[in-house]
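Based on the provided sequences and hints, a complete structural model is requested.
Chains E and D supply the protein sequences, listed in that same order.
Mapping of the first sequence onto numbering that gives the first Met the number 0: residues 0 to 574, in sequence order.
Mapping of the second sequence onto numbering that gives the first Met the number 0: residues 0 to 574, in sequence order.
Think of the hints as simulated: they come from the structure by calculation, not from any bench.
It is possible that some hints are incorrect.
Identical copies go unnamed one by one, so any copy, or any two together, can satisfy a pair.
Straight-line Cα separation of at most 25 Å, DMTMM-like style, residue types lysine to aspartate or glutamate; simulated pairs [stated by the list, open to error]:
no.	residue 1	residue 2
1	K285	E27
2	K301	D159
3	K352	D424
4	K546	E535
5	K162	E304
6	K239	D356
7	K448	E372
8	K285	E14
9	K448	D424
10	K546	D64
Protein chains: 2
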Amino acid sequence: MAAKNKTPVEAASAESMARRQRDISVSEFFLKNRHLLGFDNPRKALLTTVKEAVDNALDACEEADIIPEIAVEIRQVGEERFRVEITDNGPGIVRAQIPRIFAKLLYGSKFHRLRMSRGQQGIGISAAGMYGQLTTGTATCILSKVKSARQAHHIEVQIDTRKNTPTVLKDVEIDWHPTFPGLASEKNSQPEPLMSAHGTSVAIEMEAAYVRGRLSVDEYLRQCVIANPHLQLHYRIVLKSPAPAEAGTPSGETPASNATPTPPPTAWVSFARMTRTPPPPPLEIKPHPHGVELGMLMQMLKDTESRSLRSMLSQDFSRVSSAVALAICTQAGLDPKANPTRIANRDSEALFKAINDTKLMRPPTDVLSPIGEELLMAGLQKEIRADFCTAFSRPPTVYRGNPFQIEAGLAYSKPGENEELAADDPVRLLRFANRVPLLYQTGACAISKSIIGVNWKNYGLAQPRGALPLGPMIIVVHIASVWVPFTSESKEAIAHYPEIIREITAALQECGRRLSVFLSRRRRQAEMDRKRNYIELYIPHLAIGLKDILDLSSKEEQSVVTRLRGLLERTHLET
Amino acid sequence: MAAKNKTPVEAASAESMARRQRDISVSEFFLKNRHLLGFDNPRKALLTTVKEAVDNALDACEEADIIPEIAVEIRQVGEERFRVEITDNGPGIVRAQIPRIFAKLLYGSKFHRLRMSRGQQGIGISAAGMYGQLTTGTATCILSKVKSARQAHHIEVQIDTRKNTPTVLKDVEIDWHPTFPGLASEKNSQPEPLMSAHGTSVAIEMEAAYVRGRLSVDEYLRQCVIANPHLQLHYRIVLKSPAPAEAGTPSGETPASNATPTPPPTAWVSFARMTRTPPPPPLEIKPHPHGVELGMLMQMLKDTESRSLRSMLSQDFSRVSSAVALAICTQAGLDPKANPTRIANRDSEALFKAINDTKLMRPPTDVLSPIGEELLMAGLQKEIRADFCTAFSRPPTVYRGNPFQIEAGLAYSKPGENEELAADDPVRLLRFANRVPLLYQTGACAISKSIIGVNWKNYGLAQPRGALPLGPMIIVVHIASVWVPFTSESKEAIAHYPEIIREITAALQECGRRLSVFLSRRRRQAEMDRKRNYIELYIPHLAIGLKDILDLSSKEEQSVVTRLRGLLERTHLET
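Below is the structure:
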């Protein structure tokens with residue numbers, strides 16, 4: 000038996016080793032390493048799937064200039080088996096693209112351009128489908144209708160993981176209909192029905208687990224609404240048995256946030272949009288010359304459609320005018336009319352040096368679409384009842400040639416109003432990247448690192464060494480960028496670029512200063528109230544004493560009391 | 000100008016969006032996300048490159064049953080530019096495989112089998128070459144000779160990142176010669192020359208930085224020798240200017256460990272092997288049925304070479320005899336003679352359930368190649384002068400169907416002997432996975448988590464809450480597995496599987512218990528010494544007093560002193 004289960008030991012030769020070498024498809028790779036994509040465990044798998052589908056829906060609506068409306072339905076179909084269906088009113092997907100978008104890793108429209116978007120890798124939704132396929136053997140079901148078509152396409156597709164290619168199992172045209180027939184009749188539903196003339200619905204069945212709490216789909220969707228105030232969201236989850244609460248949260252207790260529905264919504268729940276104004280559409284930019292490395296420059300020289308070096312420089316980069324291009328050529332000692340491909344092979348190093356020796360305008364930064372201070376504060380105030388709320392957007396800036404912008408905000412709770420925010424607990428943290436909530440890997444994220452790095456004692460909060468500040472408060476930080484540097488493919492934490500940490504810190508410090516003004520005013524107010532109470536309490540007794548001693552009339556007594564009160568209040572309250 | 004740099008805003012349609020969809024090659028993906036592969040910054044890039052090349056060399060020698068000898072040369076060729084060359088005495092690589100092994104991501108022999116090895120992804124060395132190409136535009140140079148050939152192949156290759164395919168720039172046959180001609184004449188060199196009848200040398204030029212300290216190539220190589228006691232290693236680094244020390248370590252200070260050469264070795268330095276006995280060769284196994292998910296089972300049924308379900312089960316899995324296979328078929332209500340492909344499409348769920356309802360032997364665990372307690376201790380004692388040293392190997396066990404084994408050890412410093420190990424600093428930590436040292440991402444690693452989780456106060460060490468214990472000590476942990484679950488492609492930290500954390504904890508606790516015996520014995524000894532000193536100090540004075548009082552002779556005085564000393568020592572030392 001042992002001999003059959005183990006390959007016998009035999010020294011290999013170069014020839015026998017060569018015969019074992021083979022291609023590894025990217026699907027096989029991520030199937031075996033699926034924790035890299037956010038499919039570590041059944042609970043996280045559920046969240047990641049919803050997240051990838053909602054991200055795609057929002058991106059598609061944004062690109063097509065449609066105000067998004069999305070329905071998320073989670074239905075438990077077995078003990079550890081769930082069906083997740085996400086429907087949007089987006090532009091739809093043309094038939095030919097559906098199989099590859101949903102069943103091929105590393106396929107998409109966002110990777111090759113510099114433009115702020117939620118997706119950027121071309122992995123997410125196909126990975127979710129692949130996980131469903133691995134754990135349940137089922138296919139991803141897509142229903143999509145584009146505006147110009149009469150009918151919708153209903154397609155079922157799996158990944159051939161050996162080849163990383165889609166296998167279409169079903170492909171029919173059917174009427175486009177809302178997949179949530181009960182939606183319109185629910186009392187919670189909004190006047191505007193989800194049904195639109197176009198859209199996409201994707202359904203995946205998978206091994207999963209639903210657990211309420213900080214890392215749940217509920218929390219993700221709630222934060223999603225904060226970061227996307229123009230989003231109309233419908234959500235329901237149909238369970239076979241009551242959902243367990245997070246470890247440490249006894250079942251039946253108040254949920255982690257007052258906005259979490261308890262129990263989870265088995266009927267449709269709608270989050271109404273806060274604004275009908277869509278965010279300014281993000282713009283696509285070309286790479287900045289100072290963010291490009293030598294090898295990349297060589298590749299660009301080979302790939303360009305320009306015939307001359309000078310036009311290549313001014314066409315393929317941002318911030319290089321024709322005059323600047325000429326100056327770079329001169330500096331490098333190269334002929335501006337030279338063929339870029341020839342330069343790639345022979346003189347790219349001289350060109351590279353000349354580019355980096357040339358002073359250039361910084362990359363354009365007005366290409367991002369921040370949430371905005373006002374909507375960020377509105378979102379926070381939806382989360383908690385706050386006594387104080389502020390938000391601050393930094394001006395856009397640049398890391399490694401990529402424009403990015405930081406927004407931060409904080410909301411300080413009314414005393415006793417938000418049970419889950421205790422004065423001696425760490426503050427709650429909301430992290431967003433390109434409007435996507437980040438729930439996992441808080442410790443590894445540049446946002447957490449920046450918050451910990453700020454000295455919150457300066458602003459009136461307690462803060463243990465090397466830890467988050469304490470207080471009944473929520474901090475929110477949003478990074479918007481044409482390319483967000485994540486620490487892993489599962490896009491859960493921001494990498495520690497010094498420029499990014501510096502910007503987050505500056506934004507937090509501004510919010511902290513405003514908080515400290517509020518907190519010291521509140522402390523003074525509390526002190527004043529305490530003193531006024533003393534005065535109110537003792538003055539009548541004082542008056543009675545004086546009346547006896549000085550033998551005052553009631554009228555005189557009243558006058559003394561009034562004057563005393565005025566005197567004492569003035570004295571005390573001015574200190 | 001703005002209009003040229005930014006794409007104008009225009010609502011996209013499904014059709015216009017479809018035109019933007021395209022393939023993303025895995026090379027492009029990792030080029031843009033190169034921090035995922037360990038190429039975040041120039042310092043780490045240098046380490047990662049050395050690591051990938053040395054890992055490959057060791058794996059190849061192991062597989063071909065060759066006692067490894069490896070030379071690592073790092074040469075600074077520009078301010079931020081280094082040439083890294085690693086030469087081994089391995090079996091060599093046949094010509095046809097060289098381009099793909101060194102210039103194609105996701106290509107290799109280790110991904111598709113379950114066998115303990117250092118490499119497992121088929122990414123590392125090609126990624127290093129791609130990074131060199133990106134930052135310097137140069138090609139990877141390979142020189143390789145197999146035993147059966149008369150000459151070596153000299154090949155220069157780059158990656159076409161658009162297609163993830165190799166582009167061969169040079170391909171000639173030349174004489175095989177040691178690439179380190181100075182090696183044999185150096186006084187440090189070992190009697191056995193690196194020159195052998197076969198081997199491989201790879202050279203990559205890249206943007207990099209050399210900084211001494213805990214995250215340096217020096218440290219990596221030193222730890223490599225500990226985990227691979229059969230390795231003969233030669234190392235030199237030729238710098239243009241003195242290497243900066245790590246931040247916080249003033250230049251010129253004693254290096255982080257007493258084995259670090261200071262300054263870095265510009266002449267060849269050799270680490271002699273501690274044993275000529277190679278480790279027992281790891282064995283390849285088949286997957287265990289209980290570690291396989293439904294989707295994977297379906298794939299295996301489609302891919303099998305067996306004609307019947309019964310033979311597929313017994314041939315393609317470990318721990319499934321023909322009788323057990325029959326029992327599974329019966330349990331599932333399936334014909335043992337059925338065609339596996341047909342089962343895949345129709346009855347895989349019944350089969351999956353039957354497999355998981357069947358009790359099976361655990362996976363074979365004697366397929367791993369641990370370092371061994373003795374060699375682990377020898378390695379530790381090479382690192383520091385220790386008063387106490389212990390190591391403990393747990394029996395092999397299983398996570399998710401994969402056999403793995405934990406070894407742990409610790410060495411407690413002689414007082415005052417190891418300057419860099421202070422009594423009130425956290426202990427030093429050496430982490431190994433399949434004999435590869437892990438230097439980065441300590442905080443994210445299951446090994447650190449386990450060490451922090453052990454209550455070291457029980458064993459006589461101070462330990463701040465949620466932190467490493469304090470003390471002049473080194474802890475070493477090695478995980479050996481047919482598939483090590485890393486938290487990222489750069490393979491720097493072990494994922495937090497509960498089974499793995501449990502095993503590491505158990506191994507550490509055993510070492511801790513042994514340490515506590517040593518520490519309490521040492522404390523008792525110190526106490527005894529202190530008391531003996533008191534006695535020695537006061538007895539003569541006591542004797543003089545008694546002599547006066549009792550009018551003793553010198554001889555009587557001497558006898559009293561002796562008896563008193565005996566009495567007092569007995570009394571005190573027994574308490």
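Evaluated hints:
1. Taking the shortest Cα distances, K285 and E27 sit within 25 Å of each other only across copies (17 Å), while inside one copy they are farther apart (33 Å).
2. In the homo-oligomer, the alpha carbons of K301 and D159 lie at most 25 Å apart only across protomers (12 Å), although the nearest pairing inside one protomer, at 33 Å, exceeds that limit.
3. Neither within a single protomer nor between protomers do K352 and D424 lie at most 25 Å apart by alpha-carbon distance, with minima of 53 Å and 46 Å respectively.
4. Proximity of K546 and E535 under a CA criterion of 25 Å is satisfied intra-copy only: 17 Å inside one chain copy versus 85 Å between copies.
5. Taking the shortest Cα distances, K162 and E304 sit within 25 Å of each other only across copies (19 Å), while inside one copy they are farther apart (32 Å).
6. Taking the closest pair of Cα atoms, K239 and D356 come within 25 Å of each other only across two copies (23 Å); inside a single copy the shortest separation is 66 Å, beyond that limit.
7. Only within a single protomer do K448 and E372 lie at most 25 Å apart by alpha-carbon distance; the minimum there is 22 Å, versus 39 Å between protomers.
8. When the C-alpha separation of K285 and E14 is checked against a cutoff of 25 Å, the pair qualifies only between copies, where the shortest distance is 23 Å, while the shortest distance within a copy is 47 Å.
9. Within a single copy, K448 and D424 get their C-alpha atoms as close as 18 Å, and across copies as close as 23 Å, so both meet the 25 Å cut-off.
10. Taking the shortest Cα distances, K546 and D64 never come within 25 Å of each other, neither inside one copy (79 Å) nor across copies (109 Å).
Violated hints, in rising order: 3 and 10; the structure is consistent with all others.
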